[in-house]
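J.: If you read the sequences in order, they're chains W and U.
232 is the number that UniProt numbering gives to position 232 of the first sequence; each next residue is one higher, with no gaps.
113 is the number that UniProt numbering gives to position 113 of the second sequence; each next residue is one higher, with no gaps.
If you are wondering where the hints come from, they were derived from the structure by calculation, not from laboratory data.
There could be a bad hint or two in this list.
[As the list claims (entries may be wrong)] Looking from chain W toward chain U, a few residues come up when the C-beta cut is under 7 Å (computed):
#	residue
1	54
2	57
3	103
4	113
5	175
6	177
7	220
[What the hints assert, rightly or not] No farther apart than 30 Å at their CA atoms in a straight line, the calculated lysine-lysine pairs in the DSSO-like style are these:
#	chain 1	residue 1	chain 2	residue 2
8	W	9	U	6
9	W	171	W	207
10	W	211	W	226
11	U	9	W	171
12	W	6	W	226
13	W	16	W	207
14	W	226	U	16
15	W	9	W	54
16	U	9	W	9
17	W	6	U	211
18	W	16	U	9
19	W	226	W	171
20	U	16	W	182
21	W	91	U	171
22	U	182	W	68
23	U	6	U	211
24	W	16	W	243
[Stated by the list, open to error] Computed Cβ-Cβ distance ranges for the label pairs, DEER-style:
#	chain 1	residue 1	chain 2	residue 2	range
25	U	241	W	171	26 to 32 Å
26	W	170	U	205	25 to 31 Å
27	W	229	U	194	40 to 46 Å
28	U	141	W	221	29 to 35 Å
29	W	187	U	141	19 to 25 Å
30	W	201	U	23	28 to 34 Å
Using N, Cα and C, we set each Cβ at its ideal position, and we do this for glycine too.
Next come the chains, spelled out residue by residue.
Number of protein chains: 2
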Amino acid sequence: MNDTIKLLKSHRSIRKFEEREIPPELLIELIRTGQAAATSSHIQAYSIIHVTDKHLRDQLVELTGGQKYVARSSDFLVFCADMKRPLEAAKSTGENVVSGMTEQLLVATVDVSLVAQNIAIAAESEGLGICYIGGIRNNPQAVSELLSLPHHVYPVFGMCIGYPAQYPDIKPRLPVEAIVKKNRYSDDSEHVNAFNLTMHHYYQTRKGGNKVSDWSQSLAPRFNQKLRSHMQEFLIDKGFEMK
Amino acid sequence: MNDTIKLLKSHRSIRKFEEREIPPELLIELIRTGQAAATSSHIQAYSIIHVTDKHLRDQLVELTGGQKYVARSSDFLVFCADMKRPLEAAKSTGENVVSGMTEQLLVATVDVSLVAQNIAIAAESEGLGICYIGGIRNNPQAVSELLSLPHHVYPVFGMCIGYPAQYPDIKPRLPVEAIVKKNRYSDDSEHVNAFNLTMHHYYQTRKGGNKVSDWSQSLAPRFNQKLRSHMQEFLIDKGFEMK
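Turn these sequences into a full structure, and let the hints steer you where they fit.
T.: This is how it looks when you write it as structure tokens:
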């Protein structure tokens, strides 16, 4: 197992950080490294809002559901899918351009995810810890207003980055046999059952608070309600018309 | 610059591979490593179809627009956003579950992208090369039938993996100043103009075929048509109703 694979396997989300700033030139280097990720047809459909203003950080804590580390990590980045830049670039050549395709929503969402994951790994390789903040989609309209996000730009997730002040247990993952299917999709309920036992054990024995649950039970609250039901209307409003 | 950052920065898509197989246990180890990526609420909303059948590989060459390396790389993976597994897990607890939310489409698309990027990096750390195949969305319905993808599962992209038989130039990226915005979204057209000059020079001097173009010109064919206009209907049909 080489060092990079070791690093990748040691990922855990960090939610407690030292009161220590990341040198600004290191942060920029991490982002530049992130940009080396693959990008669909070189489109690079993303922008990153680096939120340094303390007042904005505090407001983002509220807008993401009270996650205090959004204000307490050394840095907070808002990763945006950005179709504005490529659309304008294409238009500048004299072409009539088409916007609002579902395909464009997918491309930009994948593009920004690949960059973010590269940044996460680069950060971890420098001894930093990160936490993705999907809660940025709790109030995407308010976040967009706060950060002046224009048409054809939407906030996909945030990321806290800083020096870790905790080392939580690494959370187990589904057996690889559940994830990988040979040539055709196949049933994996047997592996899910096994994983429920794994997670039951994990929740009982983990550091920092145990509970009685398993994987299926932990997912239930996520699916028994219309979570973030505003997203479609928000995206349409933002020019990701999804047609 | 540490070795992991060096590795990340050396990424280029590989489209020519040696005729040499990746040991099966290494491939599984790469995928297991990929699974360590962050996942929204532990949902792990992805499946990977490992296509080993030669006939299927040949058909996928056609369905992705004639990209021969889809058949010629040691391995070909089809990365699917998979909401079936978590929906069924949640349902098994006795809950009434909600499917088809746009939010779920986003979560699964991000989840599978993070895993894929981790696998890409793990592969490159072992001296392998990769190429993402967005062309899997050229004919997503036919791909779904070929690979028996069920409801609530959709193919997001493919990935060729193998031992590189080429080392193309590393493609420049937008200046980091265009990508990163401080506290609020801001105009970046000045940096885009500079990048057009960078790309003009790159296209004139790169190995393996030069041409007269720049970034904006290279994007025009992507936006002057309704590229993959079937995606919305396809996703609705697959149970990503986008509501």
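J.: I'd like to know which numbered hints this structure contradicts. Please list them from smallest to largest.
T.: Numbers 1, 2, 5, 6, 12, 14, 15, 17, 24, 26, in rising order.
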